[in-house]
Every structure is written in C-alpha cells, then in structure tokens.
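Visitor: Now for the letters of each chain:
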Amino acid sequence: MRWYWIDRFIEFESGRRARAIKNISLAEEHLHDHFPGYAVMPNSLIMEGMAQTGGLLVCEHGRFQEKVVLAKAPRVTFYLPALPGDTLIYTATIEYIRDDGAMVTVASHRQDQLQAEGELVFAHLNGEHHDKVLFEPSAYLRMMRMLRAYEVGHAADGSPLREPEELLRAAASSG
Amino acid sequence: MPTKEEIFEKVQNALVDALGVDEEEVTPEATLVGDLGAESIDFLDIQFRLEKAFNIKIPQKELLPQDVLTNAQYVQDGRVTDAGLAELRKRMPWASLDRFAANPKVQDFTNSLTVEDLCRFVESKVGAA
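Chains as they are written, first to last, in the numbering used here: chain A, 1 to 175; chain B, 176 to 304.
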C-alpha cells in the first residue's frame, strides 16, 4: 500500500477494533479539482481510508499470512462533507472473521459528529490467486510501523501489540 | 428451534442487506443470481449474515461445492457429468437440482439456486420446527 489514506492509528486492538486519524489538508492535490473553488474530500477516498483501517486490522489478525482484499461494500452512507482542515477519525470493528474473509463495520467521525458509516466485506484470496504476493513482508512491517500501530496497539490479551515473528523472519530473509 | 417462517424471514433480511434488494423481491422462487443479482463475492457476504443470524457454521464448500464444479472427474466440456450430478445431489440434499440437471452447464449452476433452496439449507443446519 503506497496509497495511504490514513495518517496514523490511535487505537489498535488485535482482532477487534482499530481507530485511525485522517487529517484533510488543502495541500492534497486532488482537492484542487474536487471541486474547483469548493474543496471537499471525495467520499470514495474516505471509504478507502476506512477500508485501510479495517483491512490492516483483518491482516494483523491473520498475522499477515492471508491475502486480504476489499471484496465489497454492502452499505456505506455519508452524512456530512469533509473539508480541508477537518480531522476524521475512522473506526473499524470486526463483526465476523472466518478462514475465507471478514465483515467489518466502519464509521467516520468529524469531532463528535458521525460523518459516514457502513459495512465492508474483505475476502482472503486463495485458489488460483494463492501464490500471488500482494505485499512483501517488509512492506507490511514498514506500513504498520509508519502508521504507529505498534505504539498504540494491544493484543487480544491486553498486552502490547508485537510485530509478528513470521513477518520479522520473512522480512529479514528477503533482505 | 425456529419455524420455517422465522427462517424465511431471517434469510430474507440477510439477502436484503447483502444484495441491496427490496424485501418484496425476495420470494421463495427467486433465483439468487438471476433474479436477485448475486455475484460470486456476495455468497461470502450471505454466508457471514446467515452464520450470524442463525448462530451456525457454514464451511466454505457446503453452500457452493466449487470443488465438484472444478473437478475434471465431474465436469466434461463445461457440463457436469452424471457422476457429478450424483455428487452434487449427495452434497446438497437441500437443493432442487432438477432444473439444473436438465441442462447442467457449470456456468449456470449458481443461477439454479433459489431463496427456497437457501431456506432449506438453513433448515438442514438448524433443524426447523
């Protein structure tokens, strides 16, 4: 993921819930044209940010061994525009997780106002896609570290979230 | 133990939420793919909702036995063989496969499943009253 639509995690409870911040800035070039004279964060990118929050939560639960992709968004509703200078807090909660995928509810808040909410379905790629590599282990590590998941995160038992051994080993062996 | 009516109601809710269709469209005869517009990824979503609504486990291959439909032993020239049909009937006793069996093209398989089939599948998992 080089396409970052969250700035950092502020909570990361393994297998349960994650919260991330998105600061919207007029320095983001896409806002200059969306729309000329009235900059508003595109809803599709807010959804992508919520999906990144939930997707990494699902990935971490599987210790980054599954290939997690956003499969569908059965329902997403936007209530308020998000403008430059706004800070959005995305919350993703795992409702259900199985071997073949997960369902996550998401919400975006602007201060104490509900800005958007919805449901997202993630699938674990398998079968013919099993051998595909979506991200190198080192990329996952870099992403999670940069988003400060390990600074704020907790494992299911409440202990501090740790970088998974499998990922550290794989990242070390791939250089 | 839920009644058949209760099962239908919950299945209907799951399909309305997963597929964004109106409640009235979800009739027992409606096909999931043809009438309600389900795509392959929707089956995962439907399974999540049914597992949650009925507190059951639905193994991946139980609702859609893709392993049969992609097995050269059971499929020839894009059609399910007699042995394949027998295997499908064994694995899916809750599905009415007669219409599919008349012209068993693999690509038409998912389109043969109806809301009623799905209700019977749930009944087989929970044991309806």
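Careful: at least some of the hints might be erroneous.
Distance condition first, Cα-Cα at most 30 Å in a straight line; then the derived DSSO-like pairs of lysine-lysine [what the hints assert, rightly or not]:
1. B/Lys-300 - A/Lys-72
2. B/Lys-300 - B/Lys-232
3. B/Lys-300 - B/Lys-185
4. B/Lys-179 - B/Lys-236
5. B/Lys-227 - A/Lys-72
6. A/Lys-132 - B/Lys-300
7. B/Lys-236 - A/Lys-67
8. A/Lys-67 - B/Lys-179
9. B/Lys-280 - B/Lys-236
10. A/Lys-132 - A/Lys-67
11. A/Lys-72 - B/Lys-232
12. B/Lys-179 - B/Lys-300
These are calculated hints, taken from the structure and not from any lab test.
Visitor: Work down the list of hints and note, for each, if the structure agrees.
Guide: Hints, one by one, checked against the model:
About 26 Å separates the Cα atoms of B/Lys-300 and A/Lys-72, which keeps this hinted pair within 30 Å; it holds. For the suggested pair B/Lys-300 and B/Lys-232, the alpha carbons sit about 8 Å apart, so the restraint of at most 30 Å is met. Between the alpha carbons of B/Lys-300 and B/Lys-185 the distance comes to roughly 14 Å, so the proposed pair stays at or under 30 Å and holds. Of the supplied pair hints, the one linking B/Lys-179 and B/Lys-236 holds, its CA atoms being roughly 24 Å apart against a limit of 30 Å.
Pair hint B/Lys-227 plus A/Lys-72 holds up; C-alpha atoms about 18 Å apart against a cutoff of 30 Å. Of the pairs offered as hints, the one joining A/Lys-132 and B/Lys-300 is violated, with about 35 Å between alpha carbons and a cut-off of 30 Å exceeded. At roughly 19 Å between alpha-carbon atoms, B/Lys-236 and A/Lys-67 fall within 30 Å of each other, so this suggested pair holds. A C-alpha spacing of about 38 Å is found between A/Lys-67 and B/Lys-179, which places the hinted pair above 30 Å, so the restraint is violated.
With a C-alpha separation of about 19 Å, the suggested pair B/Lys-280 and B/Lys-236 falls inside the 30 Å cut-off, and the hint holds. Distance check on the hinted pair: A/Lys-132 and A/Lys-67 sit about 8 Å apart at the alpha-carbon level, within 30 Å; holds. For the given pair, A/Lys-72 sits about 21 Å from B/Lys-232 by alpha-carbon distance, which is consistent with the 30 Å threshold. Distance restraint check for B/Lys-179 and B/Lys-300: the Cα-Cα separation of roughly 13 Å lies within the 30 Å cut-off, and the hinted pair is therefore satisfied.
When the structure is compared with the earlier hints, violations turn up for hints 6, 8 and for no others.
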